[in-house]
Amino acid sequence: MWSILSTSNTQWVLFSATILGIAAGIVGCLSYWKKQSLMSDALAHAALPGVVITFLIIGEKNLFFLIIGAAISALLGAFFIQWVQSSTRITEDTAMGMTLSVFFGLGIMLLTVVNRTAGGNQSGLDSFIFGQAAAMVRSDVNTMLALAFFVILIVIAGFKEWKLYLFDPSFAKGLGLSLSLMNVLYTTVLVTTIVIGIQAVGVILIAALLIIPSVSARYWTQKLKTMFLLSACFGGISGAIGTAISAIGRGWPTGPFIVVVAALFFIISLVFGKEKGILLKHLQFRKQQKAHSQEIGHHPVFQKEGK
Amino acid sequence: MTYTAWIIITASLVGLSCGLIGVFLVLRKMAMMSDAISHTVLLGIVVAYLMTRELSGPHMLIGAILAGLLTAFLVQWLHNLDLELHASMGIVFTTLFAIGVILISTSIGNAHLDIQHALMGEITFVPFHTMELPIVGAVPVTTVMLAVVLLIVVITIIVFYKEWKITSFDPALAASLGIPIVFMHYLFMSLVSITTVAAFDAVGAIMVVAMLITPAASAYLWTDKLSIMLLLSSSFGVISAIIGYYIAAWIDTSISGSMAFATGIIFIISFLLSPTHGFLSRSLGKQRNQFS
Numbered sequence: 001m002w003s004i005l006s007t008s009n010t011q012w013v014l015f016s017a018t019i020l021g022i023a024a025g026i027v028g029c030l031s032y033w034k035k036q037s038l039m040s041d042a043l044a045h046a047a048l049p050g051v052v053i054t055f056l057i058i059g060e061k062n063l064f065f066l067i068i069g070a071a072i073s074a075l076l077g078a079f080f081i082q083w084v085q086s087s088t089r090i091t092e093d094t095a096m097g098m099t100l101s102v103f104f105g106l107g108i109m110l111l112t113v114v115n116r117t118a119g120g121n122q123s124g125l126d127s128f129i130f131g132q133a134a135a136m137v138r139s140d141v142n143t144m145l146a147l148a149f150f151v152i153l154i155v156i157a158g159f160k161e162w163k164l165y166l167f168d169p170s171f172a173k174g175l176g177l178s179l180s181l182m183n184v185l186y187t188t189v190l191v192t193t194i195v196i197g198i199q200a201v202g203v204i205l206i207a208a209l210l211i212i213p214s215v216s217a218r219y220w221t222q223k224l225k226t227m228f229l230l231s232a233c234f235g236g237i238s239g240a241i242g243t244a245i246s247a248i249g250r251g252w253p254t255g256p257f258i259v260v261v262a263a264l265f266f267i268i269s270l271v272f273g274k275e276k277g278i279l280l281k282h283l284q285f286r287k288q289q290k291a292h293s294q295e296i297g298h299h300p301v302f303q304k305e306g307k
Numbered sequence: 001m002t003y004t005a006w007i008i009i010t011a012s013l014v015g016l017s018c019g020l021i022g023v024f025l026v027l028r029k030m031a032m033m034s035d036a037i038s039h040t041v042l043l044g045i046v047v048a049y050l051m052t053r054e055l056s057g058p059h060m061l062i063g064a065i066l067a068g069l070l071t072a073f074l075v076q077w078l079h080n081l082d083l084e085l086h087a088s089m090g091i092v093f094t095t096l097f098a099i100g101v102i103l104i105s106t107s108i109g110n111a112h113l114d115i116q117h118a119l120m121g122e123i124t125f126v127p128f129h130t131m132e133l134p135i136v137g138a139v140p141v142t143t144v145m146l147a148v149v150l151l152i153v154v155i156t157i158i159v160f161y162k163e164w165k166i167t168s169f170d171p172a173l174a175a176s177l178g179i180p181i182v183f184m185h186y187l188f189m190s191l192v193s194i195t196t197v198a199a200f201d202a203v204g205a206i207m208v209v210a211m212l213i214t215p216a217a218s219a220y221l222w223t224d225k226l227s228i229m230l231l232l233s234s235s236f237g238v239i240s241a242i243i244g245y246y247i248a249a250w251i252d253t254s255i256s257g258s259m260a261f262a263t264g265i266i267f268i269i270s271f272l273l274s275p276t277h278g279f280l281s282r283s284l285g286k287q288r289n290q291f292s
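Same order as they appear, the protein sequences are chains B and G.
Taking the numbering used here, the leading residue of the first sequence gets 1, the next gets one more, and so forth.
Taking the numbering used here, the leading residue of the second sequence gets 1, the next gets one more, and so forth.
Read the hints as simulated data drawn from the structure, not as lab findings.
Some hints could be false.
[As the list claims (entries may be wrong)] Derived CB-CB ranges, DEER-like:
1. Leu-50/G to Ile-57/B: 37 to 45 Å
2. Arg-116/B to Val-148/G: 48 to 56 Å
3. Ser-283/G to Leu-153/B: 40 to 48 Å
4. Leu-153/B to Ser-227/G: 30 to 38 Å
5. Arg-89/B to Ile-155/G: 26 to 34 Å
6. Leu-280/G to Arg-116/B: 56 to 64 Å
7. Arg-116/B to Gly-137/G: 28 to 36 Å
8. Leu-279/B to Phe-73/G: 17 to 25 Å
9. Asp-168/B to His-185/G: 31 to 39 Å
10. Leu-177/G to Ser-86/B: 43 to 51 Å
11. Leu-226/G to Ile-57/B: 50 to 58 Å
Where a beta carbon is used, it is the ideal one built from N, C-alpha and C, also for glycine.
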């Protein structure tokens, strides 16, 4: 295993998966508090046709352009969800499910066409479905790293503004913060994180990387800053370990391993977490029960007659 | 019967049963639950395959129902632990799906179970696996399974029609009338699971979501009556299955992808043209109000 991990390409891939995990962990906290956990899932699926159409236009697998195509397509999906939901009685839930599946269907349609054409089979576009971090070349890694740092920077630099925007939008407005600008920024960082993640994790599972670390972090803290930090750690470590494991086997997909590692963190947090963890809750409940039963035991009504 | 006819019949059966089930998914605001279940059904199928080494028949159905119920149960459990509903869905289905994919790609990758197949479905192979039935003769296995599932779905809907109606529109009233809403919830989840697994072979895990949700959402824009919505939704399902097949045949591409795309076209048409909830009629109405 060490021989695989020590080759320089793998090291770069590992490094970029870690940074991706960190970015996704941080952005995931934003969407957790916006209560839009599954939005990332819908947008990731909606990105697929964009990837394939861009490939059809430029004719080569240049990650930078594919990412732009993916972003446009995901934004179209976001716009469509918003439009349907605001102008009919169809709920957000249904609008998301529709967008997700219809865009994905279109993506698969086009992908089949691409794979059929000569040379298309080598395009490696299939790896966008489950993610194949090992298939990344150095230029892909550079693009990914640059965009991930951009996302992390935006969220950290505007930490105070994000906090206001998430928890007290009307107060933020009173302070002169433009909510529509924040909405645009939020959508930008969300979509960027999703599209840089689809090469490594795949369109189907990238949502997990945004959802699971932030929810796990929530079990340890009440402070937003700590939650960001923890979520970034969980995301980064899952990214690194998952990628390392998938490098062991030939052609093992990266996405699923990253998700399973993240899920392990979640289970640990769910059970042992300091805030609302099951174990602690249970212990507190038992303690209270005991205290209560003792109280009742001393109550004169429950004392036996004649004692 | 010809090859094309079998494909169209199979696809129409998918459209019918998905269209019926989808109506309740949309009305109960549980559309994303079908996305979650369609992913985890994969794990059920893989585990059933690992245990029995057989790829067809009741094992798969049972595995799928168990996986679907497990998903519904875990999501509900996490939700009760104070976690937002969509977040708990996101955690449960991605994790179970990831486990399924890992099992396939590491241990049985060279077996008949193929991840690409499971996700996108391969309706073109459906007519090749046939079984002998009395009277009708050789019938594709998938088609038989879909017909049985459709029968179960229709019977369950008809038998509990009143209960479905009340629990979907007014759960509080249903509870006060003594209708077992928890039982109805899990019964419904089982129906979603068997429909998903039966449609799996034909359209794959993700496109089944399109067949479930989109025709029902389109029908929701045309009518306010449950019975008409059920009729419309299932016809939309069948129409998009057939249109999808011909689009795919025309540009030679994935049939299930085109079917999902066709449901999208029907939705766009409904969204623009529906007399009461459509975009055009509403924006025209707004203009008229401005003039008067």
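* **Ile-57/B and Leu-50/G - C-beta distance against the hinted 37 to 45 Å** => Check passed, 43 Å falls within 37 to 45 Å.
* Asked: Is 31 to 39 Å a correct range for the gap between the Cβ atoms of Asp-168/B and His-185/G?
  -> For Asp-168/B and His-185/G the Cβ distance comes to about 36 Å; the hint holds.
* Distance restraint evaluation - Ser-283/G, Leu-153/B, Cβ atoms, bounds 40 to 48 Å -> 41 Å, holds
* Asked: So does Leu-280/G sit 56 to 64 Å from Arg-116/B, Cβ to Cβ?
  -> For Arg-116/B against Leu-280/G, whose Cβ atoms are near 38 Å apart, the range 56 to 64 Å is violated.
* To do: Please test the hint of 43 to 51 Å on the beta carbon pair from Leu-177/G and Ser-86/B.
  => 34 Å, violated
* State, for the Cβ atoms of Arg-89/B and Ile-155/G, whether the hinted interval 26 to 34 Å holds or is violated. => For Ile-155/G against Arg-89/B, whose Cβ atoms are near 30 Å apart, the range 26 to 34 Å holds.
* To do: Could you tell me whether the CB distance from Leu-226/G to Ile-57/B stays inside 50 to 58 Å?
  => At 46 Å between Cβs, range violated.
* **Verdict for Arg-116/B, Val-148/G (Cβ pair) under range 48 to 56 Å** => Check failed, 34 Å falls outside 48 to 56 Å.
* **Phe-73/G and Leu-279/B - C-beta distance against the hinted 17 to 25 Å** => Once the Cβ atoms are compared, 21 Å apart, the range 17 to 25 Å for Phe-73/G and Leu-279/B holds.
* To do: Could you say whether the range 28 to 36 Å given as a hint is met by the Cβ separation of Arg-116/B and Gly-137/G?
  => 34 Å, holds
* Please test the hint of 30 to 38 Å on the beta carbon pair from Leu-153/B and Ser-227/G. => 56 Å, violated
Violated hints, listed in ascending order, are 2, 4, 6, 10, 11; each of the other numbered hints is respected by the structure.
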